[in-house]
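Novice: As given, the protein sequences belong to chains R and Y, one line each in that order. Sequence positions in the first sequence follow the working numbering and run 1 to 686. Sequence positions in the second sequence follow the working numbering and run 1 to 315.
One should not assume that every hint holds.
Stated by the list, open to error - Here are the simulated distance ranges between beta carbons:
| # | chain 1 | residue 1 | chain 2 | residue 2 | range |
| --- | --- | --- | --- | --- | --- |
| 1 | R | T83 | Y | L153 | 46 to 56 Å |
| 2 | R | A61 | Y | T263 | 45 to 55 Å |
| 3 | Y | T2 | R | G149 | 18 to 28 Å |
| 4 | Y | T2 | R | I366 | 19 to 29 Å |
| 5 | Y | A137 | R | P642 | 57 to 67 Å |
| 6 | R | R361 | Y | V95 | 23 to 33 Å |
| 7 | R | R199 | Y | T2 | 41 to 51 Å |
| 8 | R | R367 | Y | N298 | 14 to 24 Å |
| 9 | Y | L10 | R | T16 | 51 to 61 Å |
| 10 | Y | T2 | R | R367 | 20 to 30 Å |
| 11 | R | A453 | Y | T263 | 35 to 45 Å |
| 12 | Y | L153 | R | A61 | 40 to 50 Å |
| 13 | R | R367 | Y | V95 | 30 to 40 Å |
| 14 | Y | S164 | R | R367 | 54 to 64 Å |
What the hints contain is simulated information worked out from the structure, not anything from laboratory work. Using N, Cα and C, we set each Cβ at its ideal position, and we do this for glycine too.
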Amino acid sequence: MAEPILSVRGLDVAFTGSGRSVPAVRGIDFDVHANEVLGIVGESGSGKSVTSLAITGLLPATARVSGSIRLGGVEITTADRETLRRMRGNDVGMIFQDPTTTLNPVLPIGRQVIEGQVAHGRIGSAAAAGRAIDLLREVEIPDPAARAGQFPHQFSGGMRQRAVIAMAMSGQPRLIIADEPTTALDVTVQAQVLSVLARRQAESGAAVILITHDLGVIAEVAHRVAVMYGGRIVETGRVEEIFARPRHPYTIGLLRSLPRIDGAEERLVPISGQPPAPARMPSGCAFHPRCPIGRDRPICAAEAPALVAVGAEGHASACHFAAEAETADTSARRPEPRPLTPEGAAKPAAEPPLLRVDDLRVHFPIRAGLLRRQVGTVRAVDGVSLDLRAGETLGLVGESGCGKTTTARAIMGLLRATGGSVAFDGQDITNLPRADMRRVRRNMQYIFQDPYASLNPVRTVGDIVAEPLHIHGLFDQMGGEKRIAELFELVGLSRTMLDRFPSEFSGGQRQRIGIARALALQPRLLILDEPVAALDVSIQAQVINLLQDLQRELRLAYLFVAHDLSVVRHISDRVAVMYLGRIVEESAKTDLYERPTHPYTQSLLSAVPVPDPASRSRRKRIVLQGDIPSPARPPSGCAFHPRCFRATEICARERPAFVAQPGGTTRSACHHAGPLDASILAGAAR
Amino acid sequence: MTGYIVRRLLQLLPVLLLASLGIWAMIYAVPGGPVASIVGENANPEQIREVTQRLGLDRPVLVQYWAWLTSALTGDLGASLHAREPVLHLIMQRVPATLQLGFCATLVGLLLGIPVAIASAIWPGSWIDRTLSGWSALALGVPTFWLGILLILLFSVELRWLPSASAYVSFFDSPLQALRNTAMPALTLGTYVSGIFARFLRASLLSELKADYVRTARSKGLPERDVVGRHVMRNALLPFVTIVGLMLANFIGGTVVTEAVFTYPGLGRLLIQAIGSRDYPLIQGCILFILVIYVLMNLLVDVLYAYIDPRIEYR
Chain R
1 MAEPILSVRG
11 LDVAFTGSGR
21 SVPAVRGIDF
31 DVHANEVLGI
41 VGESGSGKSV
51 TSLAITGLLP
61 ATARVSGSIR
71 LGGVEITTAD
81 RETLRRMRGN
91 DVGMIFQDPT
101 TTLNPVLPIG
111 RQVIEGQVAH
121 GRIGSAAAAG
131 RAIDLLREVE
141 IPDPAARAGQ
151 FPHQFSGGMR
161 QRAVIAMAMS
171 GQPRLIIADE
181 PTTALDVTVQ
191 AQVLSVLARR
201 QAESGAAVIL
211 ITHDLGVIAE
221 VAHRVAVMYG
231 GRIVETGRVE
241 EIFARPRHPY
251 TIGLLRSLPR
261 IDGAEERLVP
271 ISGQPPAPAR
281 MPSGCAFHPR
291 CPIGRDRPIC
301 AAEAPALVAV
311 GAEGHASACH
321 FAAEAETADT
331 SARRPEPRPL
341 TPEGAAKPAA
351 EPPLLRVDDL
361 RVHFPIRAGL
371 LRRQVGTVRA
381 VDGVSLDLRA
391 GETLGLVGES
401 GCGKTTTARA
411 IMGLLRATGG
421 SVAFDGQDIT
431 NLPRADMRRV
441 RRNMQYIFQD
451 PYASLNPVRT
461 VGDIVAEPLH
471 IHGLFDQMGG
481 EKRIAELFEL
491 VGLSRTMLDR
501 FPSEFSGGQR
511 QRIGIARALA
521 LQPRLLILDE
531 PVAALDVSIQ
541 AQVINLLQDL
551 QRELRLAYLF
561 VAHDLSVVRH
571 ISDRVAVMYL
581 GRIVEESAKT
591 DLYERPTHPY
601 TQSLLSAVPV
611 PDPASRSRRK
621 RIVLQGDIPS
631 PARPPSGCAF
641 HPRCFRATEI
651 CARERPAFVA
661 QPGGTTRSAC
671 HHAGPLDASI
681 LAGAAR
Chain Y
1 MTGYIVRRLL
11 QLLPVLLLAS
21 LGIWAMIYAV
31 PGGPVASIVG
41 ENANPEQIRE
51 VTQRLGLDRP
61 VLVQYWAWLT
71 SALTGDLGAS
81 LHAREPVLHL
91 IMQRVPATLQ
101 LGFCATLVGL
111 LLGIPVAIAS
121 AIWPGSWIDR
131 TLSGWSALAL
141 GVPTFWLGIL
151 LILLFSVELR
161 WLPSASAYVS
171 FFDSPLQALR
181 NTAMPALTLG
191 TYVSGIFARF
201 LRASLLSELK
211 ADYVRTARSK
221 GLPERDVVGR
231 HVMRNALLPF
241 VTIVGLMLAN
251 FIGGTVVTEA
261 VFTYPGLGRL
271 LIQAIGSRDY
281 PLIQGCILFI
291 LVIYVLMNLL
301 VDVLYAYIDP
311 RIEYR
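Please model the complete structure; the sequences and the hints are all you need to start from.
Specialist: Next comes the structure, spelled out in structure tokens:
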């Protein structure tokens, strides 16, 4: 095999800023070759981003680096600043996570794309503008000559990230490091960006390191995978091997804790416990406190296992009992298997819905000028109707800006409805006066996305959970301190934690506290707004299982708002898909995911990366062009028509009705609704 | 943009109206009046009545305000009760001196403050940062009258380079004389304000240096001077421009203590004299003028914002 472009040996990185040395990366080895995509996957604190910064010499001054990093034969760990600077932009290009913050807001895009090359003296400033336009054209920015003079805020998220790709490729580097390049993007935009990245990589023959927490993205794009945990690579191998025959209990756990969009409906098997914090790294194998196969054997806590070859060529696992990992019953700690579909599924259809939303509209005025005259309207929610019964979960999905959170808030009465009605348990609660609404809210509670921002940091978690009881004057009536302790145990926390503050809890535990607070008043409906989006995969599975258990025990109704279609498939009974303020398709889960009829649903589902590398060559993907339009200026007729692969002339003229489709539970709003057939795909897929 | 500026200027009118009403009310709320200071301690009631009548102070307060307001709308701010000169004339006499000192002091502040801020933001925690932070604390902590006196002792008494009492000489008439007269008050105020400038800009630079786009700029291989000079500086200037504008407005509005130390003929001393003698029309005039300066300066800052940050659009 040819000489690798990048060769990392025994890399150690520790941060000394806090007075003592905190290890972030602890002795890792890997190579990357030309024309190869190496995926590095890991949860927060695994050391994956620190590795990428070490390769580019961008670590802060408090970092201590040892070991060897050779890029094209040059040793990086000992290189002086000037050598490192010359290397960056010439030999290595970097793509970062969030394109809204990685571009400088006050400089034109074209200049930002090319300025590295100007600084390296590889292009004169006269030719730079023209070259910037060419680079933008290569990443499919429409009208690049005009766009080069614009600023980042005038670009959509997907266009910004493509501009960042153009920037990273501007020096034709031999190595590209992409650190969570699509995490901040919507799924249809992620598909666009990944396809541009893959094409540019293939054209240039560069080596790519793709760092992500998303196993689906890895399975779609990477050739080889390195799984990181606690600052070490715990398993590495060809992507097909890793997904088909994982040989490290962590990798196995990660794959089993992942909700799948492609069917598998078993209960998730979370990895117990939390990922370790670098400052409190367990001894020996960092995974041993969470490991289902170690069974407290002393060697696991005493000795860090080395990566040893297992199975196929290039496949290695750092586990003392890798052979057992393959065969052992890793589900030893699996809870009693329970029927996944809650009893609610068998509910009599005659039962009236707990929540009925009819033609709900929430419009926001756009005001301008001296007298704040209304000059336009943002139709954030524009005619949404849905029903939800006790014990049932309705998933509400859509990309950013589709109005799903606005819908949820309007149902709670946190936003004023412009029109339509919301009824809870038969009572019309649309725009109720504040005091009346408060009484209704006892029965409907809201769970927020960000478990860090939604808990008051200066109150104990016991107080936080008790607060709804105090607000409603029910603290003593509902059992006082005893009730709070029960709630803690209900969500899997210990009652000894009552007096601690939120900062002492991890993200997953905080979300449990949020759930306990929501359950304090014994509500009948929970509105969950992206409840697991901020959590690591292994923790996400714990919270999803908890929500499912609670629903079964308490017969709760869930309105589950999320952008992650895999999570929604896993938890929902029925799913509604929103686009620009309207529901475009609604159906029982299986019908929606297996027989979608609306072209938007079809594109959305095809864009979701599936953690199954074996199927990637077979999958046809619809890559939607363009971006989600502004709800202030929705397109005429069907709002989806400018991006739709089935659109005809009627679509621009007439808004399609939301009607039942033959042969199932599906209703959708499309003039050309129907199953995806091969001829359509041939035209739309790329 | 032009439309925006015109609208902002129109918004100034109700502000000035409310302010004038407020000032008028405030003046009448405090005891004492202009008559006593005009007629002297030994005046008989006859004299007092005569002066009160001549000044129109025997009319109801609202009538007085109305009379003042209607003539103010025609550009006539009335006459000073003491100097018996038009208020506008008195203010305009002081404006060039005040402007010259204000701009010079701000310039000194920027020249001293910006390099200090950059050096200490690039090497936070280093000896240079600690030294410079100490210096900016000193600049803020030393009272201006004390620094002014020290400067006078050094440059006027010891070295005899500069006049101890600063008169106003326009830069356009005699640059050298203007410099000799403005140098010490400008240095006094400039030193003080450089401490504020340095702290603001340092904080703003430090937070910008943590931004993601800085990492992007470095990952392109830009040299550090371009990272700071082209990327960080422009973003850090946004909040900084606000504080510079405010301080400049503050100086133009008058700097009472410094003007007193150097007997500089600025607006601050005029206002203090007016308040001391209850010269109502002059107080009104001075405060309205200062208000206009503040509003104009804010407008200037907002316009600069749009120039620095392309995300800001004024329509």
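Novice: Please go over all the hints and tell whether each is borne out by the structure.
Specialist: Structure-based check of each hint:
1. R/T83 / Y/L153: 46 to 56 Å: holds (55 Å)
2. R/A61 / Y/T263: 45 to 55 Å: holds (52 Å)
3. Y/T2 / R/G149: 18 to 28 Å: holds (23 Å)
4. Y/T2 / R/I366: 19 to 29 Å: holds (23 Å)
5. Y/A137 / R/P642: 57 to 67 Å: holds (59 Å)
6. R/R361 / Y/V95: 23 to 33 Å: violated (57 Å)
7. R/R199 / Y/T2: 41 to 51 Å: Since the Cβ atoms of R/R199 and Y/T2 sit about 47 Å apart, the hinted range of 41 to 51 Å holds.
8. R/R367 / Y/N298: 14 to 24 Å: Roughly 22 Å apart at Cβ, these two residues keep to the hinted range, so it holds.
9. Y/L10 / R/T16: 51 to 61 Å: holds (59 Å)
10. Y/T2 / R/R367: 20 to 30 Å: Given range 20 to 30 Å: holds, Cβ gap about 21 Å.
11. R/A453 / Y/T263: 35 to 45 Å: Taking Cβ atoms as reference, R/A453 and Y/T263 lie about 57 Å apart, which means the hint is violated.
12. Y/L153 / R/A61: 40 to 50 Å: Since Y/L153 and R/A61 have Cβ atoms about 45 Å apart, the given range 40 to 50 Å holds.
13. R/R367 / Y/V95: 30 to 40 Å: Holds, at about 39 Å.
14. Y/S164 / R/R367: 54 to 64 Å: Distance hint for Y/S164, R/R367 holds at roughly 58 Å.
When each numbered hint is compared with the structure, violations occur for hints 6 and 11.
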